[in-house]
Each structure stands twice: as C-alpha cells, then as structure tokens.
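**Student:** Chains A and B, in that order, are what the protein sequence lines are.
Take 0 as the starting number for the first sequence in numbering that gives the first Met the number 0 and just add one per residue.
Take 0 as the starting number for the second sequence in numbering that gives the first Met the number 0 and just add one per residue.
In case anyone wonders, no lab produced these hints; they're calculated from the structure.
Take these hints with a grain of salt, some might be off.
Here are the simulated DSSO-like cross-link-like pairs (lysine-lysine), alpha carbons at most 27 Å apart as the crow flies [to be verified]:
#	chain 1	residue 1	chain 2	residue 2
1	A	Lys197	A	Lys306
2	A	Lys434	A	Lys400
3	B	Lys227	B	Lys276
4	B	Lys256	A	Lys744
5	B	Lys251	A	Lys744
6	A	Lys400	A	Lys389
7	A	Lys744	B	Lys276
8	A	Lys306	A	Lys400
9	A	Lys744	A	Lys306
10	A	Lys10	A	Lys542
11	A	Lys669	B	Lys227
12	B	Lys276	B	Lys251
13	B	Lys241	B	Lys276
14	A	Lys744	B	Lys241
15	A	Lys197	A	Lys542
16	A	Lys744	A	Lys669
17	B	Lys241	A	Lys750
18	A	Lys669	B	Lys251
19	B	Lys251	A	Lys750
20	A	Lys414	A	Lys400
21	A	Lys750	B	Lys256
22	B	Lys256	A	Lys197
23	B	Lys152	A	Lys669
24	A	Lys15	A	Lys669
25	A	Lys542	A	Lys563
26	A	Lys428	A	Lys400
27	A	Lys389	A	Lys197
28	A	Lys389	A	Lys306
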Amino acid sequence: MTHSSDFNAEKASNLKVIGTRPARPDGVDKVTGRARFGADMNLPGQLVGRILRSPHPHAIIKSIDTSAAEALDGVKAVVTRDDFAENPDNHAVLCNVMAREKALYEGHTVAAVAASTATIARKALKLINVDYEPLPHVTDVDAAMQPDAPVLHDTIFTSGVDPVPTIPSNIVARCEFGHGDVEAGFAKADIIVERELKTAATHQGYIEPHACVASVSTDGMSELWCCTQGHFDDRKICAALLGIDVSRLRVTASEIGGGFGGKTTVFIEPVALALSRKAGRPVKIVMSREEVFKASGPTASTSMRVKIGVTNDGRMTACDGEFRLQGGAFEGSPFDSAAMTAFACYDLENVKSVAFDVVVNRPKGAAYRAPGAPMSVYGVESVVDEVALKIGMDPIEFRLKNAVRDGSQSSYGPKFGPNGLVETLEAAKAHPQYKTPLGPNQGRGIASGFWFNYGGETCSNLNINADGTVTLAVGTPDIGGSRASMCMMAAEELGIPYDSVRATVVDTGALGFNEGSYGSRVTYASGLAIINAAQQAITEMCKRASMMWDIPADAVTWEDGYAKPSGANAGEFEPMSLAEIAAIAANTGGPIAGHREHNADSAGISFGTHIVDTEVDPETGRVDVLRYTVIQDAGKAIHPDYVEGQFQGGAVQGIGWALNEEYIYGDDGKLQNAGFLDYRVPVASDLPMIDTVIVEVPNPGHPYGVRGVGETGIVPPLAAVANSVSAAAGVRLSELPMSPPRVLKAMDDAKQAAE
Amino acid sequence: MRYEAPDTIDAAIAILAAEDGIARVLAGGTDLLVQIRSDMIEPDLVVDIKNINSMRSITPENGGYRIGGAVSCAEMGEHADLCAQWPGVVEAAELIGSTQVQGRATMTGNLCNCGPAADSVPAMVAAEAIATIVGPNGRRDIPVEDMPVAPGKSSLTKGEIVESVFLPARPERSGDAYLRFIPRTEMDIAVVGVGISLTLDGHGTCTHARVGLGAVAATVLLVDDAAKALIGTRVDDAALDKLAAATSAACKPINDKRGTIEFRTKVAGVLAQRVAKIALDRAGK
Ligand SMILES: Cc1cc2nc3c(=O)[nH]c(=O)nc-3n(C[C@H](O)[C@H](O)[C@H](O)COP(=O)(O)OP(=O)(O)OC[C@H]3O[C@@H](n4cnc5c(N)ncnc54)[C@H](O)[C@@H]3O)c2cc1C
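So here's chain A without its partners, still in its complex pose:
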C-alpha cells in the first residue's frame, strides 16, 4: 500500500484527539517512584563495575599493570585497552570509551573493574598501576588553533582547506556556506558592526546519571539495559566495538531522566559488556555526577566573529561570520550546523559563514539540543540587536524586514518552504509582554532562531487487541512524552478514545532499526509511522468487515471507529466497531496489526522568537529574569502541554547557558566544577513562569502539519537573554555566561570609560 505524508488540510481541521491535553501515561509511575530508570535494574549475581579515569588532561599511557587489582579477593574482571580490538570505522568512539595510546582529557577512561562489592571495586581501582607520561595540554579553542599549540592527534590534517596541510594540527576541518558577494554587500551598507564573541561549554545537565546493566552469557548472547536516547544505535555501536553479531545483542531502554542529546552515544555501555563477558556475570555501572561532568559529553565552547552590514532603512546587505568550535578531544563538534543555522533567519543577498572543528583536551562532546545553533545564533542575534539599535529601528520590525518567508533562499543552500518565522515575529509584536513598560535597571531582549528538524529511519508496530484496545510498539525512547503523542495519533486515526491505546518502547529484538530520539524527530517520524500503521490496520479491518458482509473490500469505509458500507450500493449493514471486528478476528484471518518502516524525509523546519525581560543589580551584576515568552512554530501541536514543556525547557536551559553555566578549567587542564554546586543550572526559584505561544504553520510534509519542536526552543535564548542584559546593564556583553563578576566588571569598565 502507498503511504502519504502530504499535509491534509481537511483532516487537520477536523481533529478530535490531536490538540487535547490528556494525562500522560507514564506520569503515575514517575511520581510514585515505580518507573524504572537506568540504575533501577538489578540482575541476580550482578557485579559492581567501576572505572579508573585519567588524572591528567593529556598523557601517554606507557603501561597499565592490573595484576594487583586482579589478585584482590572479590575482583572478577579488569578490562583495559587490551580488551578492545582496534576498530577503524568507530575509532573515535572506541578511543573515548577506553583510552588507547594516550589519555586525552582529565577523566578519560583508562581501565575498569568488576567486583562483588563497591568497596572492593574502589580498592581495586587504587591497585591498578598506570604509568603516564604527561604532555602539555590545551583546553581553549583559540589557543588550540595556534601553530604552537600542543597537538592532540598527529593524524589530523585540516580538511576543507586547499591545499591540505602537510603538518598535523588541532583543526579537524573547515566548512563554508553562503552565497553572493559579501564584500560587495558591505560596500552597500550604511552601517557595519563587527564583533568577537564567546560562549562557554555547557553540559546537558540531565538529572539521571548514565547507568547500565550488561549481561553476556557463555554462548555470547548479550543483554544490555541502559538509559539512552537510542537503544538501536547503542546496539549497533556496542556490537561493533565488542565484535558481537547484532542479532546476539538485545538492548532495552530504561525510563530516562533527561538526555537532551547527551544520551545519543555510548560511554559506559561497552565497558560493562566487556567486563561482563570477562567475568561471566552481569555487571552494573552507574556514573557519579562527577563522572557525568568529566567524562560524558558536554557541548562545544565557541569563539566567533560576526559582521553585519545594513542600510539606514534596515535592510541587511551582507552577513559574514566565522565560528570556531571545540568538540573535546575528538573530531565531531557541531561546527557545520553552527555555520548553517547562524544566519538562517534572514533572507540575504550576500552571506558567508565559515566554521572550524577543533580538538582540545576536554571530554568528547555530545549532542545538546540543536547542536551548534544556540552559539552561532547568539553571535548573530547579538549583532543584529546592535545594528537595529544603531539605526533606531525596533528589533522586531528589523527582523520582519529581513525575515525568510516561503520561497526564500536559505543562507546555507536549499530554498525554504512554508515556515512560521514571520508569524512568530508578528505574535511577539502583539504579545502583552512586548508592550509592558520597563523599570530602572531593566532591559528587554528579542531573538529569533532556527533549527532544521530531522526525520530518519523509523519502524513501528500497531496491534489491535481482541478486547478492542490497541497497543503500539515504538522504537524511539520516550524523552518528551512521545508515548502519549503516539497514542493520540493512533486514537485519532482509528477513531477510538485515547484511553484505549497504550504505547511501549520495545527492545531492539522487537522491531527493525530505529534511529534514536534526537533531531526533534520522534513525534514527526515515529508518529508518522504510527499514523501509517493505523491506516494499514484500518484497511485490514475494512477487509475483515467486507468478508463478514460478503461485499468487496473497497466497498467498506472507516469512519469514527467503525467500518461502514461505503454507500447505498454497497448494501445495508450495521456498522461494525473496531472492538467488534477485533473480537472475531480469529475467525476472519487472525490477529490484526499495522506496521510501517520508513526513512522519513519531510520533516518541517522550525523557527522561534523569544522575548525576555531582565533586571541587573547595578551594584553586584546579578541578573534576575523577570518575564519570558517563547513563541515557536510547532506546525501542529499534538499534545500542547508537551509542546509547551519543550518550549519552556529550551528557554530554561538557554537561560542557564546565558547566565551561569560553564565548564571552568584551571591552568592544570582540570575541570574545577564537576558538580551541581558550582556548575550552576537555574533552580526553580530563579525563574519566572515561562510563557508560551504555539504558532501553527503546517508542515507540508505531514498529514496534520507536525513539525519537530524539541530543539528550536534552545536556539534563541542565549541571544535573547544577552540582548536583554545588555540593555539593562547599559553595556554590550559579548561573552557567555554573563555571570555576576563579568557583568559587574563590564558595567564598571563602561563607567570608567565614560568618565
């Protein structure tokens, strides 16, 4: 059968379940503690796994002597680099999971033990003797790009430059996007502003530390339980690193206490499997918070230069940006998406966006909501704010004048289709917050942002049960309420109540490959698979009814949960409900199910605009967020509570990034704040209620118009808060986080300069 993903305007305007706000199916278990997260799984005979980590930011590992640890009573296995075969296809992940020739950052895994108790495991770690030869280190992105910087890998020769360098460096790659002639564009400008800006590395800050239990049986059949955003991805990479057939490794995703992109890769999982294989017993590893900070994946720190030219009447004539991102000790910072998203909000004749991927002695970065975009957009939107101020134009009017619309040429290549940027700006202009007067020391900031959104490989099942209920088997872990959304979409299609449908995130043995829950793809891609699976089940149910009625299958239609004869010609029969058809399925051909696998490729882009009011204490530099509104295009909100939750969460993480969160390194190359005391995420009392406005400009590639909503919300806040604080403090701030010492210094310096 063919599946359509085209927007169906008639359907979208007659939705019954979509757009309502039913209670979440996982809520009770989560608030009562019954839900099982990563660390809640235990197996009989399980051992405690613990990891030995490098105290050096950069060192050659000359030798590792594990004999004393192995001899300790209660120690059942010790693993090191010798237990993992070289794996050219997954070299970086392998080296990150277990250091090979060198330790590349403080906290890098060097060895691991499995023991009968935690105390023994801790003791065993102290008995492992590692002979390090410390090397000079570098943790700052600009310093790492200097010709005299210590080089991490002698295999890196910058790609994307011509000619390719002959000496290795820390610059992995250069990329460039854009069109037109920026020099010609700047020549037409009345005003040009150029700024250097910086952002600190931040961590996703999920509350649940990484945790897993691995069990490898003597015949090689292996099981892994872990908190993850993508258990099929975990299976793929773990099988590759351990040399196990994919068919022999079953991975189950636990409930997840936050991921935000940081749980889309593996850290402890291959180590637990290797320990279990060696020990012949299940092994559980739970990271401490310190380990999470030091050895899971934070996001990139950046340094950048942004230059924008405008005419006096507010038209942008040229935009030019250079973005330098460090992604930790291995290649793979989100430098390319930083460059692509930087100017994506603007319809530009001349634009050039260059980015560099740089390695430094820090933990290997992982994805964090809209990777790369919050930082580059911070740079661009800060300068946009400044040019608008300079020409005396309202910042929303300025953006409206330059905003991309349906058919605009994007700054990174493709032409944009229908999108909601202008609608979010109009909604911002009309929002009461935008009209509220400000008091002394208060400022208002505006910023817009863009994210691509993703589709990808997806596979889902829908089963009609004999009692008329429906179960869904989904392969994308529920990180934002997707089980509820899946049930709503199935209920909508089938014409049955939401309460009759339940969804389970099933293990890797139960479905074909599913990419993980990232790229804002789940409601769109898994949801579309569920919609299509429901349509397939409907076709089958119509067929079953036609058999009962003895009429052709195409003479039966499905309406509001009932099979009905399609018209008077088809015959006179009492409509049959889903439950009635299900009850007699055994007699009409057996169980009824729908199934769909696809590589979804019509995800809709998404834009958002944020308004934030802050107040700065002029004597201490402390910032209070007074009021905040997120306005974002969701295409179609399936469950509006969850959509609002995504908007609010993005804003809050962005506020933290803007104001206080940062990875602080000492001169010794060690992380100084590996804990929530000194890594300051916002606490509830720091925040106002985050107001939200859902804009719905349908995605033409989805029957209801759904667009992803999980990532765009973190793109504008860094800039919005920076613009607000700059206005409140009376001085332009160009480095994040805007912690009190930095804000106070900027204000004092400005005062002195004025005197």
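Model the placement of chain B with the ligand on the given structure of chain A, informed by the hints.
**Tutor:** Structure of chain B with the ligand alone, referenced to chain A:
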C-alpha cells in the same frame, strides 16, 4: 567504618576519645555525608549525636538562648522567641540549602565544618555567640570566631564535641541581619556573606556594633574597623560609605571559580551597607 549513636554526651566523648583512627561527629550529616560519598574523607568512626536529648533543645538562659548542637536549622526557624530576638542569626541558618536540607542541617555543624563560606557563622560572629565545648578534659567556652583555624579545620581537639551555641541577651533597640551574595536564588554557596548586629541609644545613635564577614578569607572574619564605622553614628549615608570601605578593606579573597578578588571585595562593601540598613530598621522597631 563504625557507626555509633550514644544517648549521652559523656558516652559520645568516651567513644570518640578511644578511637585511634579518623573519627567524626555526625549532626545533620549534610556536610559529612557529602564528604564521605565523594571520597574526600574515609572515617573509621562516625558518632551520631542526634540521640543525645540534652543537645536537641533551644532553652532560654540569662535573657539569651542556648541552642543545642543537634538542633536543626528548621527547628530554629520554628522558635518564635528566638526569631524575634536574633532574626539575623535565624535568617542565616535558614539560608542553608533548601527546606529539605534545613530539616537535617544544624548551625553547630555549619560552624564545626569550618567552611569559609558557612552562612550562619558571620551572623553568629556578629551576635557574639559563644560555643560551649565538652571533651575528655572537661568543658570550655569559646567565641565562635575562634572555632575555625583554616578552611575545613577547627580548633577542637581529639574527643571534643560542641554541646551548644549560646546567643546572649541583648539590650533594647538592637537588631541584626545577614545577607549573602549568590548568583542564583538558593541552593548555592556564598560568594560573600555579611552579618551585622547593632544597638542604638534613645536618640538613634549606634552604641554597639559587630560585623562578621564570610567567604572572603580563609576563615570567617570579625571586622572591627567596619563596626567602628558605625559606632557613634546614626548609620547615615556617610557612615554606610565608611562601612563599605572598611568591609572591602578587610577582604583577603582569592580568585576562584566562584568569583574574582575584585568582585568579592566590591560586593562585600555593597552587602555590608544593605545588611546594616536592615539591622538598623530592626533595631528601630
Ligand atoms: C544541598 C546542600 C546545600 C547546602 N547549602 C548550604 C548553604 O547554603 N550554606 C551553608 O553554609 N552550607 C550549606 N550546605 C552545607 C551544610 O548543609 C551546612 O554546613 C550545615 O550547617 C552542616 O550541618 P550538619 O548538621 O549537617 O553537619 P554535619 O555534616 O553533621 O557535620 C559537619 C562537620 O561538623 C562536625 N560536627 C558536627 N556537629 C558537631 C559537634 N556538635 N561537635 C563537633 N563537631 C561537629 C562534623 O564532624 C563534620 O565535620 C549545604 C549542603 C548541602 C548538601
């Protein structure tokens, strides 16, 4: 690790004194357990004092209050008379952590932990609080500012326990207050903390003042020069400017992840002014 929970202070002292290894008193445990879990210390013996009844009450004494070493900060906040007499000390104790943490944490633990940024200590210093210590060699009283000798190191000797903290009686027209600077609104550690206690005469002139200053030196400081800036004045703008200058001058901070020297020094003066105004207001009521 051995855990003991005796029900008399004498028994507790005897157990502590007999231990050859590393011994620690456990009050609320909100510092100690964190230190144990993060491998900062591995004690051989932990002696819980929460079963010792005599250490669990707040009792009036000579017009002041004696607060047992095992009294939680939350219990202090529920004691209306104590709150009325020493609002600054209580507000400092109630800044520690969150509601949950305050249900466990004690002010004595805050003092004995000897963190330079301990919130209740500058307020206690301003209040002229006395710590009563019991040990194998008997009982002694010390001013609270003599408790810390270095970050994380107290002047207690082996086997000694702080039995209680005494907050003295105070004349009419007295007020005290405490403020700290943190980048967030709660669950944070003071970058600067200032406690001030002052007394006015019938004409509104300050006759007595004490200023306690936290997080800007290795230990909490008693700043005489800052107090002198207030005494003999009506705590007017000129006095407040002098107070700020004296407070800033007393700072001996370091540059670290929580703040720069420049920042801490300046904000100490700013906070001192704000605290003095609150204390003044309370004294006038
Ligand atoms: C989440 C969190 C937030 C926090 N926030 C703050 C904050 O905002 N401000 C702040 O100042 N602190 C804060 N703290 C630290 C801690 O809560 C306080 O220092 C608290 O007052 C310690 O009291 P306690 O009774 O829990 O001490 P414990 O942990 O029981 O003891 C602390 C130390 O004092 C010793 N000790 C305790 N009682 C005695 C006694 N009677 N005699 C001799 N020695 C003794 C112990 O051996 C130990 O070395 C926080 C801690 C946590 C976990």
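**Student:** Now tell me, hint by hint, if it's right for this structure.
**Tutor:** Verification of the supplied hints:
For the proposed pair Lys197 of chain A and Lys306 of chain A, the alpha carbon gap of about 14 Å is at most 27 Å, so the pair holds. For the given pair, Lys434 of chain A sits about 20 Å from Lys400 of chain A by alpha-carbon distance, which is consistent with the 27 Å threshold. For the hint pairing Lys227 of chain B with Lys276 of chain B, the CA-to-CA distance comes to about 16 Å; that is within 27 Å, so the pair holds. At most 27 Å may separate the alpha-carbon atoms for a hinted pair to count; Lys256 of chain B and Lys744 of chain A meet this at roughly 16 Å.
The hinted pair formed by Lys251 of chain B and Lys744 of chain A meets the criterion: a straight-line CA distance of about 19 Å does not exceed 27 Å. Restraint check for Lys400 of chain A and Lys389 of chain A: satisfied, since their Cα atoms lie roughly 16 Å apart, inside the 27 Å limit. A hinted pair counts as satisfied when its Cα atoms are at most 27 Å apart, and Lys744 of chain A with Lys276 of chain B qualifies at roughly 25 Å. Of the pairs offered as hints, the one joining Lys306 of chain A and Lys400 of chain A holds, with about 18 Å between alpha carbons and a cut-off of 27 Å not exceeded.
For the proposed pair Lys744 of chain A and Lys306 of chain A, the alpha carbon gap of about 25 Å is at most 27 Å, so the pair holds. Our distance criterion of 27 Å between C-alpha atoms is met by Lys10 of chain A and Lys542 of chain A, whose separation comes to about 23 Å. Restraint check for Lys669 of chain A and Lys227 of chain B: not satisfied, since their Cα atoms lie roughly 43 Å apart, outside the 27 Å limit. For a cut-off of 27 Å, the pair hint linking Lys276 of chain B to Lys251 of chain B stands: about 24 Å separates their Cα positions.
Taken as a hint, the Lys241 of chain B and Lys276 of chain B pair is honoured in the structure, with Cα atoms around 14 Å apart against an allowance of 27 Å. A hinted pair counts as satisfied when its Cα atoms are at most 27 Å apart, and Lys744 of chain A with Lys241 of chain B qualifies at roughly 22 Å. Taking the CA atoms of Lys197 of chain A and Lys542 of chain A, the gap is near 62 Å; set against the 27 Å cutoff, the hint is violated. Under the criterion of a C-alpha separation no larger than 27 Å, the hint pairing Lys744 of chain A with Lys669 of chain A is consistent with the structure, at around 26 Å.
Distance check on the hinted pair: Lys241 of chain B and Lys750 of chain A sit about 22 Å apart at the alpha-carbon level, within 27 Å; holds. Restraint check: the Cα-Cα separation between Lys669 of chain A and Lys251 of chain B comes to about 25 Å, which is no more than 27 Å; the hinted pair holds. For the given pair, Lys251 of chain B sits about 25 Å from Lys750 of chain A by alpha-carbon distance, which is consistent with the 27 Å threshold. Our distance criterion of 27 Å between C-alpha atoms is met by Lys414 of chain A and Lys400 of chain A, whose separation comes to about 18 Å.
Restraint check: the Cα-Cα separation between Lys750 of chain A and Lys256 of chain B comes to about 25 Å, which is no more than 27 Å; the hinted pair holds. For the given pair, Lys256 of chain B sits about 18 Å from Lys197 of chain A by alpha-carbon distance, which is consistent with the 27 Å threshold. With a CA separation close to 25 Å, the supplied pair Lys152 of chain B and Lys669 of chain A stays within the 27 Å bound. At roughly 55 Å between alpha-carbon atoms, Lys15 of chain A and Lys669 of chain A are farther apart than 27 Å, so this suggested pair is violated.
This hinted pair checks out: Lys542 of chain A and Lys563 of chain A have alpha carbons roughly 11 Å apart, not beyond 27 Å. Between the alpha carbons of Lys428 of chain A and Lys400 of chain A the distance comes to roughly 13 Å, so the proposed pair stays at or under 27 Å and holds. For the hint pairing Lys389 of chain A with Lys197 of chain A, the CA-to-CA distance comes to about 22 Å; that is within 27 Å, so the pair holds. At roughly 14 Å between alpha-carbon atoms, Lys389 of chain A and Lys306 of chain A fall within 27 Å of each other, so this suggested pair holds.
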